[in-house]
Structure formats: structure tokens, C-alpha cells
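Under the working numbering, think of the first position of the sequence shown as 1, with each following residue one higher.
Source of the hints: derived by calculation from the structure; they are not laboratory data.
Predicted model only: the values in this text are computed from it and were never measured.
Don't take each hint at face value.
Claimed, not checked - No more than 30 Å apart at the CA atoms, straight line, and that leaves these computed lysine-lysine pairs for DSSO-like: (1) Lys221 to Lys103; (2) Lys103 to Lys85; (3) Lys174 to Lys85; (4) Lys172 to Lys129; (5) Lys174 to Lys129.
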Amino acid sequence: MRAFVFLLVFANLLFYAFSAGYFGRPGSEDAHRMTQQLHPERLRIVSRGEAPAEEKPAPSPPETAKGEPASVCLTWESLPETEAKRIGELLNSRFSDFNIERKPVGEASSMQWWVFIPPQSSRAETERKAGQLRSLGISDYFIVTEGAQRLAISLGIFSAQSRAEERLAELKTKGVRTARVGERPGRESTFSLRATGPRAQHADLLAALAENSRNEAQNCK
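Using the sequences provided together with the hints, build the complete structure.
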């Protein structure tokens with residue numbers, strides 16, 4: 001009986017020694033860990049020696065006030081050369097932030113002759129002269145509204161001086177005394193203008209144009 005009890009105690013000691021590792025373990029510590037891993041194929045490497053970079057949200061685009069674009073575009077079509085030059089000089093001197101594009105759209109014509117009454121001092125005076133012409137039975141005339149001869153009254157334009165002299169003689173027989181014959185420069189070359197610049201200067205530019213030009217700008221299409 002005592003022998004049986006001794007064998008039972010001895011067996012328990014052997015089992016304890018084995019489970020505690022007194023009889024040796026696998027060849028390396030990593031090999032021992034591998035025997036304890038349940039699913040090694042599910043491991044994922046997230047970094048190699050450094051902390052993962054923190055993700056930052058992408059910056060949102062700047063908002064525009066009331067949805068309006070930051071720039072404005074104006075255009076003029078078929079401007080006489082002198083007027084295109086005047087507007088260009090205004091933009092360059094007072095609104096240098098605007099970019100200007102100038103393109104020719106029409107060529108100049110040759111010298112002509114015309115019969116005319118010289119420019120009057122005011123629109124009212126020009127209208128009075130026109131009334132005198134109508135009272136003499138002359139209706140084929142027009143009042144010049146632009147250029148160096150503004151407020152003159154044209155009574156005919158001719159390609160030859162002799163034809164202009166004949167027209168003047170005819171008018172004198174009807175009682176016209178202040179008309180004369182003169183050289184009329186041919187039609188000026190014409191240009192289109194396109195100006196693009198900051199919307200913040202739009203109102204000031206329109207006000208300056210109203211003071212310096214009779215040609216109204218249009219919004220670009």
C-alpha cells in the first residue's frame with residue numbers, strides 16, 4: 001500500500017516538473033511563441049519603427065462672395081482709332097490692373113471732299129441752322145455727332161473736289177451762305193477692345209468711362 005502511495009506522489013512530481021519546463025523547451029523563444037499563436041496569417045504590419053502619421057482633413061476651397069467671379073470683362077466693338085486710343089490710355093493710366101486686348105476690325109478709307117457748315121458752339125445752335133436749311137427746302141443733310149467736326153452739318157460727301165464745288169454752287173442758288181467745301185479725312189481704322197480686371201474696380205471704371213467716352217462698354221460674352 002505504501003509503495004502505491006509513493007508511486008502516485010512520484011508521478012505527480014514528474015508531471016509538475018514536465019509542465020514547468022524542467023525537462024527543456026523548444027530550441028528558441030520565437031519558436032515557442034509561434035506554438036502559442038492561433039492565427040498568424042491575420043497579422044498586419046502597420047509601421048516599421050515609427051508611429052503612424054496622423055491623417056489631416058483636406059483644406060476646403062475658398063468661398064467667393066455671393067458666388068460672383070473675382071474679375072470682370074468689358075468689350076467695345078468697332079471703335080475709331082482715336083477713340084480706341086483714348087480708352088486704352090485711360091485704362092493704362094488709372095486702371096493698370098486691367099489687361100487690354102486690341103484688334104483691328106476695319107481699314108481706313110481714302111481722302112474725300114465734303115460740303116459742310118462748320119461746327120456750331122452748341123447743339124441748340126446747330127439745330128437752329130438745320131431749321132434754316134429746312135426752311136430753304138434742303139433736307140438731305142446730317143448733323144455730325146462725333147469726332148473733330150462734331151456739331152457740323154454735312155451737306156454731301158464726294159470723291160472728287162469738282163463734284164463738291166458743283167454741290168456748293170447749287171446750295172448757294174437756294175440761299176445757303178455759310179456752307180463751304182473742304183477735305184474730309186477718310187474713315188479711320190476701327191478696332192475692338194477687350195479689358196479684363198478686378199471686379200472691385202468695376203464701378204469706378206464705368207464712372208471714368210462715362211466722363212471720358214461716348215462709347216458704352218458691353219459685358220463680354
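For the pair supplied as a hint, Lys103 and Lys85, confirm whether the alpha-carbon distance does not exceed 30 Å.
-> holds (12 Å)
Given the hint that Lys174 pairs with Lys129, does the C-alpha gap stay at or below 30 Å?
-> Roughly 15 Å between the alpha carbons, so the hint for Lys174 and Lys129 holds.
Is Lys174 within 30 Å of Lys85, Cα to Cα?
-> Outside the cut-off at roughly 42 Å; violated.
Sort out whether Lys103 lies within 30 Å of Lys221, counting only the CA atoms.
-> holds (17 Å)
Given pair status - Lys129, Lys172, alpha carbons within 30 Å = Cα-Cα ~15 Å, so holds.
Checked against the numbered hints given earlier, the structure breaks only hint 3 and satisfies all the rest.
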